[in-house]
Amino acid sequence: MAEPDGSGPAGQARPVEATVVLRNQAGLHARSGAALVKTAARFDARVTLQLKAQSANARSLMDLLRLGARQGDGIQITATGPDATAAVEAIAALMEHGFGEE
Amino acid sequence: MVGLVIVCHSARLAAGVVELVAQLAPEVPVRAAGGLPDGSLGTSADTVQRAIADLDNADGVLILLDLGSAAMSTEIALDGLSHDQRARIVVSDAPLVEGAVLAAVQASLDLPLAEVAAAAQDGRRFPKGTTAMPGRRTASRRAIDAPEAPPEG
Numbered sequence: 001m002a003e004p005d006g007s008g009p010a011g012q013a014r015p016v017e018a019t020v021v022l023r024n025q026a027g028l029h030a031r032s033g034a035a036l037v038k039t040a041a042r043f044d045a046r047v048t049l050q051l052k053a054q055s056a057n058a059r060s061l062m063d064l065l066r067l068g069a070r071q072g073d074g075i076q077i078t079a080t081g082p083d084a085t086a087a088v089e090a091i092a093a094l095m096e097h098g099f100g101e102e
Numbered sequence: 001m002v003g004l005v006i007v008c009h010s011a012r013l014a015a016g017v018v019e020l021v022a023q024l025a026p027e028v029p030v031r032a033a034g035g036l037p038d039g040s041l042g043t044s045a046d047t048v049q050r051a052i053a054d055l056d057n058a059d060g061v062l063i064l065l066d067l068g069s070a071a072m073s074t075e076i077a078l079d080g081l082s083h084d085q086r087a088r089i090v091v092s093d094a095p096l097v098e099g100a101v102l103a104a105v106q107a108s109l110d111l112p113l114a115e116v117a118a119a120a121q122d123g124r125r126f127p128k129g130t131t132a133m134p135g136r137r138t139a140s141r142r143a144i145d146a147p148e149a150p151p152e153g
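Protein chains in written order, with my numbering: chain C, 1 to 102; chain S, 1 to 153.
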């Protein structure tokens with residue numbers, strides 16, 4: 001659920017951001033990446049993940065795999081668009097719960 | 001949604017790729033076309049054709065191949081199709097496993113065939129674990145000098 005104070009007018013230009021540390025042992029690999037792609041696709045938002053200098057479109061598995069993100073890496077999630085807040089919250093929750101893995 | 005056909009010489013290899021893809025993108029229709037009808041190794045145009053026909057309701061079909069004659073069998077299978085049927089099929093030369101995984105995940109987002117095919121093609125750059133770029137560590141194993149064989153006689 002999106003927090004009420006986070007929701008701006010549709011198509012808001014101001015990006016919503018959060019930084020989350022990867023918890024699952026395997027990091028961002030095929031299965032966790034696939035879960036992330038599907039979560040991002042549920043929202044009307046453009047979501048970008050950033051690790052150091054590299055950024056990835058959250059709807060592209062290949063982009064996510066090329067981040068090479070491992071357990072303990074801090075990943076910045078940035079979203080724009082009508083569902084930006086909800087998208088960031090959902091993706092942050094997925095990562096914080098280790099994609100349902102250990 | 002775009003569907004995938006996995007053409008392999010081995011029925012078990014094709015089934016394994018389908019199994020892997022199903023875990024990552026269970027909603028994507030994927031059909032195995034592996035092995036010859038008698039169960040031996042090889043690729044069969046008839047088997048490929050049946051797999052394609054099975055995906056008649058998909059919004060396009062991406063075909064992924066293992067090796068060699070998989071391409072020829074697929075060509076023969078496609079020769080039997082009408083122009084319209086052929087237009088909704090792309091044969092990929094992406095690496096099989098990487099291509100299938102990437103294509104299926106993007107297909108699950110209901111992307112058009114061209115984008116799903118492009119995702120498969122990205123499989124050529126698919127990172128393989130953390131050892132994809134081995135360091136320059138020189139081999140520490142030193143060849144053991146074998147004693148020279150004593151001269152004959």
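Careful, some of the hints might be misleading.
List of simulated lysine to aspartate or glutamate pairs, EDC-like, C-alpha gap at most 16 Å [claimed, not checked]: (1) LYS128(S) with ASP63(C); (2) LYS38(C) with ASP63(C); (3) LYS52(C) with GLU101(C); (4) LYS38(C) with ASP66(S); (5) LYS52(C) with ASP63(C); (6) LYS52(C) with ASP73(C); (7) LYS38(C) with GLU89(C); (8) LYS38(C) with GLU27(S).
One side of the interface only, derived from the structure: several residues of chain S facing chain C at Cβ under 7 Å [claimed, not checked]: (9) ASP66; (10) LEU67; (11) VAL97.
Hints were generated in silico from the structure; no laboratory data involved.
Predicted, not measured: the structure shown is a model, and the values here were computed from it.
The beta-carbon is built from N, C-alpha and C at its ideal position, and this holds for glycine as well.
Each hint tested on the structure:
| no. | hint | verdict |
| --- | --- | --- |
| 1 | LYS128(S) with ASP63(C) | holds, 14 Å |
| 2 | LYS38(C) with ASP63(C) | holds, 14 Å |
| 3 | LYS52(C) with GLU101(C) | violated, 24 Å |
| 4 | LYS38(C) with ASP66(S) | violated, 27 Å |
| 5 | LYS52(C) with ASP63(C) | holds, 14 Å |
| 6 | LYS52(C) with ASP73(C) | holds, 9 Å |
| 7 | LYS38(C) with GLU89(C) | holds, 14 Å |
| 8 | LYS38(C) with GLU27(S) | holds, 11 Å |
| 9 | ASP66 | violated, 19 Å |
| 10 | LEU67 | violated, 22 Å |
| 11 | VAL97 | violated, 10 Å |
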